[in-house]
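Student: Here are the chains, one letter per residue:
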Amino acid sequence: MLEISNLCKTFNVGTINEVMSLQNVSLSIEDGSFVCVLGTNGSGKSTLLNAVAGTFLTDSGSIILKGKEITKWPEHKRASQIGRVFQNPFSGTAPGMSIAENLALAAKRGRKRGLGWGLTASVMSELKSKVKVLNMGLEERLETPIGKLSGGQRQALTLLMSSWLKPDLLLLDEHTAALDPKTASKVIELTERIVNQGKLTTLMVTHSMQQAVNLGDRIIMMHQGEIKYDFRGEEKKRLKVPDLLALFDELRRKDQIDPAVAELLMREYV
Amino acid sequence: MTLLIGSITIGLVLALLALGIFISFRIFDFPDITAEGSFTFGAAITASLIVAGINPVAATLMAFAGGLLAGAATGLIHTRFKINPLLSGILVMTALYSVNLHVMGKSNVPLLSQLTLFTWVEHFSIAVSGKDAITSVLGWSVPVKDLWILLFCLIMIVLFSLVLLWFFRTNIGTAMRATGDNDQMIRALGVNTNVMIVFGVAISNGFIALSGSMLAQFQGFADVQMGIGMMVWGLASVIIGEALINEKKLGLLIAGAVIGAVLFRLLVAIALRWGMNPNDLKLITATFVFLALVLPGFMNKTKKIRLVK
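Sequence order for the protein chains is D and G.
Under the working numbering, the first residue of the first sequence is numbered 11, with each subsequent residue one higher.
Under the working numbering, the first residue of the second sequence is numbered 67, with each subsequent residue one higher.
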C-alpha cells in the first residue's frame, strides 16, 4: 500500500541549525495495517508523517501510495488519497465555520468543488447521522461554529472528517497529545472504531507507549531520523510498555556514549 | 434632502467597495491595499471607454474585469513569489498609478456630457414621470430622477450581495472561506489554497473596481487621485457594519458591510455639513478605524481588571 524508500530530508541546510530529520528512511506498509510510530523528541517521527502528507518536499527518495508515485505531488493533491488528523485540535477544523460546513468540506476531500450548493439536504441528513455516532450530542448543534467546541470534540470531528471518504491512508499525528487523559482515551476509542470499521491503513505517531502497545499491529521506533526498531505480528503482540522503555533507555545510552567514543578514537588515531 | 439622497446613493455605490474589502480583509484575512489602485483603475477604464463611445454597460463590465486582473496580479505576487500580502498590494497599487494615467491619458477625465449608466436611468425617469418632475418625500421636494438613481443603486447592491452570499455558500465558496479560516485544514482536504487566494483577491478587486467605475459615472469624472484612502474607507464601513450586526452569520455580515458603507457616508456628509474641514477627512477616517480596531480589546482589558478588583 505505502512504499517509502530511502527518504531523506535535511532542514536549514548550510546553517548552524542544520538538522537531518530523515536519513534514508525506508518503510513498507501493507494494506489494512495499523502502524504506530514511536520516538524521542526530534526523532523525525512527525517529519516522516508530514513528508508522506506533503507538507514539504523531500530531498531524495520516493513515496509510492497505492501504486502512485506521489513524491513530487503538492500537499493538496495528495489529499485525495490521504486523511489526516493533527496534533493541535485547532488545526483540523475551520473555527469560524459551523460543524455542518466543516463536515461538508470534508465530504468533498480531494474532489472537484464547483458551484453546487454546499449544504444540500442529502449532505445535511448524512452528516447528521454520522455525527450522531459520536454520541456527543453534536447532531443538535450543527449550526454552531466549531471554534466554540472543546478540543476533544474538535478532534473527534476531525477524525470523522478525515475518514468520511475512505482514505487510502490515514495519518494521525499525536492526535491525543493535547487532550486531557479522559478525553484522550475517548478519542483513541473512536480512532480504533473508525479504523476497524473502515479497515483503514493507518500510520499513527504517538508518544504514549501504552497506546502503541494497545493499538495496531506494528510498532516502529525512530531515533535521530532513522528507523531503529520494527516490531510486527506475534513480536508486537508480546511487546509491553517496560520493553519499550528499556529500548528507549538503550538508545539514549548509545547517544551518550557516542561522543565519548568519538573522542577516544580521535586520540587514538590523530 | 437632496444632499441626503445623494449621500445614500454614493454610500450604496461605495458599498461595493465595502464588499470588496470585506472579502479580502475578513474572508481571507488579507490586508489588500491594491484597493486604492483598482478603485481608480475601474474609474479610469470606464471613463476612457465611455469617452471613446463604448456602451456604458460594457464599459462598466470592463472595469470589473480590470479589477479582477489587478487583484489576480496581487494574489499571484503573494502566492508565487512568497511576498508578504501588504507588500504585494503596495507593488500593484503603485504600478497601477502609472497604468491609470496611461489609460486616462491625463489625470482627470470629465464625463459630464457623456452617456453613462446614470444618464440611462435619467432617460428612464423622464420617460416615466416627465422632465424635471418633482415629488415630495417627508415634506421636502425632491427631483424624481434622484429617487430613480437611488433605487437603481439599491437594486444593484442587493443583487450583488445576493450573488456574493450564494457564491460563498457553494462548494467552492465554502472552500474559499475555509482558506481564510484555516488554510492547513483545507489543504489537507485537497484544496489548492494558492488558487483560492488568487481567485478571492481577484473577486475582491473586481468589486472595488466596479465601485470606482460607478462612482466615476455618478459624480461625472474619473480622477487619478480618487482611490487614495479608499481601503481605510472600506474598512471603516465593514467595521461599522460588524458593530451594528454583532453576529457571525455570513448573510448578516454582508448586509452589515452594505449598511455600514451607507451609514459611514452619511456620517461624513453630516460632518462636512457641520463645517468639518474636508482636508481633515482622511485623518479622521484613519483615527476612526484605529479606534475601532483597538477599543474592543481595550474594553475587555478594563473589564477584566474591574473583575479582578
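Some clues are possibly wrong.
[Said to hold, decoys possible] With a cut-off of at most 27 Å between alpha-carbon atoms, the simulated BS3-like pairs for lysine-lysine come out as follows: (1) D:LYS142 with G:LYS314; (2) D:LYS122 with G:LYS148; (3) D:LYS142 with D:LYS76; (4) D:LYS264 with D:LYS246; (5) G:LYS314 with D:LYS140.
[What the hints assert, rightly or not] Simulated restraints, written as ranges between beta carbons of each label pair: (6) G:MET365 with D:SER70: 52 to 58 Å; (7) D:LYS78 with G:PHE356: 51 to 57 Å; (8) D:LYS76 with G:ALA124: 47 to 53 Å.
Calculated directly from the structure, the hints in this document are not laboratory data.
Quick caveat: nothing in here was measured; it's all calculated off a predicted structure.
All C-beta atoms, glycine included, are put in the ideal place defined by N, C-alpha and C.
Student: Measuring from beta carbon to beta carbon, are LYS78 (chain D) and PHE356 (chain G) in 51 to 57 Å?
Tutor: Hint holds: Cβ distance 52 Å, inside 51 to 57 Å.
Student: For a C-alpha distance cap of 27 Å, please report whether LYS264 (chain D) and LYS246 (chain D) respect it.
Tutor: 23 Å, holds
Student: Is the Cα-Cα distance between LYS122 (chain D) and LYS148 (chain G) 27 Å or less?
Tutor: Within the cut-off at roughly 26 Å; holds.
Student: Given the proposed pairing of LYS314 (chain G) with LYS140 (chain D), does the C-alpha separation stay at or below 27 Å?
Tutor: Holds - the C-alpha atoms of LYS140 (chain D) and LYS314 (chain G) are around 26 Å apart, at most 27 Å.
Student: Decide if the proposed pair is consistent with the structure: LYS142 (chain D) and LYS314 (chain G), CA atoms, cutoff 27 Å inclusive.
Tutor: Holds, at about 25 Å.
Student: Quick one: are MET365 (chain G) and SER70 (chain D) within 52 to 58 Å, going by C-beta?
Tutor: 55 Å, holds
Student: How does the Cβ-Cβ distance of LYS76 (chain D) and ALA124 (chain G) compare with 47 to 53 Å: does it lie in that range?
Tutor: Since the Cβ atoms of LYS76 (chain D) and ALA124 (chain G) sit about 51 Å apart, the hinted range of 47 to 53 Å holds.
Student: CA of LYS142 (chain D) to CA of LYS76 (chain D), is that 27 Å or under?
Tutor: 32 Å, violated
When each numbered hint is compared with the structure, a violation occurs for hint 3 only.
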